[in-house]
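Novice: Residues per chain are reported as follows:
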Amino acid sequence: MKSFLRLLPVILLCQICLPAPSLAAQDWVHTGTNLGNQVIRLAAADFKPVGSDPQTTALKAVFDATLYSDLGNAGIFDLVSKSMAPQSMPGSPQEIVLSQWAAPPASASMVGFGSFGISNGRLTVYGFLFDTSNTTNPQVLGKQYNEAASEDMARTIAHRFADEIIARLGGGVNGIAETKIYFVSNRTGTKEIWSMDYDGENQHQVTHLGTISISPRIAPDNSRVAFSSLGREGWSIRMYSLELGRMVSFPGGTAGGSNLSPAWTSDGTRIAFSSSRSGNSEIWAADASGGNVHKITTLAGPNVSPVWNPRTNAQIAFVGGRTSEPQIYTMNQDGSNIQRMTDSGYAVSPSWHPNGGLLAFSWNRKYGPGDPGGQDIYVFEIATMHWLQVTHQSGNNDFPSWSPDGRHLVFQRKLGGRTQIWTMLADGTHQQQLTKAGDNSMPNWSWK
Amino acid sequence: MEGLLEGTDHLERELAPEPVAGPAMGSFALHAILIASVVSYGMLSGLFRHSVWGNQGGGAMQVNLVSSAIPLPNNQPVNQNVLTTEKPSKAPVAPSPKTEQKVDETAIPIQGKQVKPQKQTTQKTPPQPAPKTDNTARYGEQSGTPIPRASQQSIGSVGQTAVGDSDFASMFGWYVRQINAKMGSTWYKREVDPRTPTGARTYLFFTISRDGTVSGIRLDRSSGSPTLDQSCIRAAQRVDSFGALPPSYNKSTLMVSYYCEY
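Protein sequence lines correspond, in order, to chains A and B. Take the first sequence: its letter number 76 is residue 76 in this note's numbering, and every next letter is one higher. Throughout, this note's numbering is defined as the position within the second sequence, counted from one, plus 1000.
Hints were generated in silico from the structure; no laboratory data involved. In this text the structure is predicted, and so the values were computed from the model without any measurement. Don't be surprised by glycine CBs; every beta carbon is placed ideally from N, CA and C. Possibly wrong hints are sitting among the right ones.
[What the hints assert, rightly or not] Label pairs and their in silico Cβ distance ranges:
1. B:Thr1253 to A:Gly210: 37 to 47 Å
2. B:Arg1221 to A:Ala65: 42 to 52 Å
3. A:Thr384 to B:Asp1220: 24 to 34 Å
4. A:Asp78 to B:Arg1221: 31 to 41 Å
5. B:Gln1237 to A:Pro54: 38 to 48 Å
6. A:Gly417 to B:Thr1198: 28 to 38 Å
7. A:Asp78 to B:Ser1209: 22 to 32 Å
8. B:Phe1205 to A:Ser324: 48 to 58 Å
9. B:Asp1220 to A:Arg418: 32 to 42 Å
10. A:His204 to B:Leu1044: 53 to 63 Å
11. A:Val97 to B:Gly1224: 46 to 56 Å
12. A:Met385 to B:Ser1215: 48 to 58 Å
13. B:Phe1205 to A:Thr135: 25 to 35 Å
14. B:Asp1220 to A:Gly416: 57 to 67 Å
Construct the entire structure; sequences and hints are all you get.
Specialist: Below you can see the structure in the form of structure tokens.
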């Protein structure tokens, strides 16, 4: 007790002292508007080849090209052209001369660089991201990758490193370089579900049903693909497990009439779809296992193409046909509070932006006899009812689908009788065609 | 008597009804035609409504989306406006922090050499460089007080290591630029009352957690314009995340003092 009393002043003193350190445990930053807000000018150096494995050159070319295109596709960088960048290939922080990269014509504010080597059939990649304006602490990112040596893995490592850079510099939004796009292709003769990387590489067939399969929707955890397929009972919702590599049952999706266009909630627990089992085509919902099927809408006219608000999972946007032409509506998940979004024309295939504030859909604003307008992709702000036309005068555009970062859209474009998959930034720039063989349609961007 | 007879005759003639029926029928017919034409015009235009398909309903309208929902970068040049004047002076040409010091060096001799500036008094007034240097204050600049890097060391209150590196802005300038970019895209300047004087500044405090989320937004110094204060607070509230704090930053949160300048 005595010792406690002797310590008491010290304890009290400490208690007085403690708040001060806890305040000092944070740093202060003083900043504000008008200090400039330029798009980051980023240089992606060619990686330095290490070792003498004969595969190195070929795989490094794949790696460099993939990294460069990933950073360009991200849409948030002003990427330094390879012809403007210095010739040097710095492989480590000791080898890079930042002033070289900061000077014109590169004028880069950030440099991604590193080394790429193969030894004993393993790829070893060191990747760095340096800030050229900060000479004392330039390193923003340092990563090491070690994978089996193959072209696929070279591409995968490039995707991962690009995503690291984008996550670091993209303001809290993760990159999409590792995402996939699921789509319908008829290149085998029948319409089957296919998948590809977000940049159009690595296309391969998912289903082999020999019938017509359309509107693939990938589950948020990338475990299953839901789609509608024509079978003995008409159109039914079916499910393919990517983990098992085979079809799995979805009992709620097979019933009389047409069951079309499934849509996952962002937590992967429920699926909405349109079904005409009760006569009219209405929006129905079921658990991800196919149980607990219930009807949401009882409206005049056909109601199809549901899609959940991924932010809340409490609202559904859908296409309603109660007026003569289909229009976009939103409603609560119990079917209440139905709001009409589009005022005229022919509006179909909604896709809800990851942050819940925007819809993208395909709209023919001047639909009618004697007025064959183009079918274009529009981005629609729900709160203000403002819209933005993002494709202009190039073919018929349909089935937009948001990327998980909310910066990109994938869509199908019918041009000259052929339907192909395209991507673009959500402001309509940077349009790229991803598919070339056969007819490809109804793309769906994976959630991660 | 005759006069009286004439009078009654005249009176009868006076009392005899005028021919109303003819003009009244004419009036009815005219009105009927008018009404019929109005009704038939309405019906006909209703029947052929498809001829005005398209822009009829006034529900949705096209504008450029002002929302920050699409997280694409927007290029905002450095605002060179001096606080009090509309036209920027030529003095601070280079916006980079390296050349900023050069501006200071040139500014001081101008004040020292009183003879030359007096010749150019009409164009370059002496007081202008002073607000200029205020305006170009950067996030890198901080008060000289070094901040201890770790709480344990400051209990001892003696050994503060790496004082020079403790400045967040000098270590992680890229993250500060990211704060600027994000706030720039979420601050809607049109929310501000246009009567707000140009150059008015409102100062905010907020805290960024390790995962990049924002908390504890409060007004530090009002600009005097409630709309500007509100818009700046809303800008911070709109931010979901600034992105995770740098892994090599070893503290739990980052305090930010941010200003919005109209």
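Novice: Each hint needs a verdict: does it hold in this structure or not?
Specialist: We went through each hint and held it up to the structure:
no.: 1; hint: B:Thr1253 to A:Gly210: 37 to 47 Å; result: violated (58 Å)
no.: 2; hint: B:Arg1221 to A:Ala65: 42 to 52 Å; result: holds (51 Å)
no.: 3; hint: A:Thr384 to B:Asp1220: 24 to 34 Å; result: holds (31 Å)
no.: 4; hint: A:Asp78 to B:Arg1221: 31 to 41 Å; result: holds (35 Å)
no.: 5; hint: B:Gln1237 to A:Pro54: 38 to 48 Å; result: violated (57 Å)
no.: 6; hint: A:Gly417 to B:Thr1198: 28 to 38 Å; result: violated (56 Å)
no.: 7; hint: A:Asp78 to B:Ser1209: 22 to 32 Å; result: holds (30 Å)
no.: 8; hint: B:Phe1205 to A:Ser324: 48 to 58 Å; result: holds (56 Å)
no.: 9; hint: B:Asp1220 to A:Arg418: 32 to 42 Å; result: violated (59 Å)
no.: 10; hint: A:His204 to B:Leu1044: 53 to 63 Å; result: holds (60 Å)
no.: 11; hint: A:Val97 to B:Gly1224: 46 to 56 Å; result: holds (49 Å)
no.: 12; hint: A:Met385 to B:Ser1215: 48 to 58 Å; result: violated (32 Å)
no.: 13; hint: B:Phe1205 to A:Thr135: 25 to 35 Å; result: holds (30 Å)
no.: 14; hint: B:Asp1220 to A:Gly416: 57 to 67 Å; result: holds (60 Å)
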